[in-house]
Amino acid sequence: MEPHFNRKSVTIGIIGGTGLMGQWFRRFFESAGHRVLICGRKTELTEDELVRGSQVVIISQPLSAALETARRVGPLMGETQALMDICSLKSEIASAMLESTGAEVVAAHPLFGPSTESLKGQNVVLCPMRGSVWAAWLGAELSKGGAKVTQSDPVTHDRMTAVVQGLTHFITIALGRTLADLGLAPETLLPFATPIFRAKLALVGRLFAQDLSLYAALVGKNPEAAWVIEAFMKACQEAKGSISPGASPETGMGYLENIRDFLGDYSARGLKESDFFLAALAGYGRKTE
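Numbers 300 to 588, taken from the working numbering, label the letters of the sequence shown in order.
There's no promise every hint is true.
Cut-off 30 Å, straight-line C-alpha distance, at most; resulting in silico cross-link-like pairs (BS3-like, lysine-lysine) [stated by the list, open to error]: (1) K419 / K447; (2) K571 / K419; (3) K419 / K499; (4) K447 / K520; (5) K571 / K341; (6) K499 / K520.
Just so you know, these hints were derived from the structure itself, not from any lab. None of these values were measured; they are calculated from a predicted model.
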């Protein structure tokens, strides 16, 4: 049965709605004119009550908890409702939702954090798993808010995030470990820092200022991350042999030019974009002095 509803006024229930991302989406949907119910470990509203009173149920929890929640609440839902999640990995949770419910299922991944002020320009990946009505509604709501919405499947999503999240965080963690092993604290390095290094160091600090279990999961629980990390380690060895002290200049230039050829026109775009955020970082530094 295809759900019929007023697209401008939907009741959305967020399990884990007291958390940071749950609160972010509560504000987003309420500002769009929708009614939002939330439940968490300390709310009076129970999961059962939330499910019965919602047209769309969004699971906003870490993956391990989200899997249990999907299996628990899925059987309570009807085919005119939608069960969604916002976990960072998609294959396992998408399967759990499909297997546990007859409702429409959408596996979603907002590629930003709760400190993001606006949805404008942010990436969101949607993996419609069953039905199309609620997936289309969610995509339209996110697009109206300015998001760049991409449809994918869970396997492709997890392969891509093995690079954009898994590899990124692996490199950041390794840089932090390297500084610790060298005994070089940020305060020691900052007087010598270039704008590029300041940006990289800030990203190290940013990661370690947040929930470390999340970053451990993004690297360690994505099965696609293993081959990506192996490729990176191989690239490190190649770079060591090509541009380290003692390597011939010809070898080094050939190595670098090969990478530049692969990047193509993106190099110029990357230069322009990085000039923008490095200027913003410099401005922030002046304000805090």
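request  = Tell me, in ascending order, the numbers of any earlier hints that this structure violates.
outcome  = Number 5 only.
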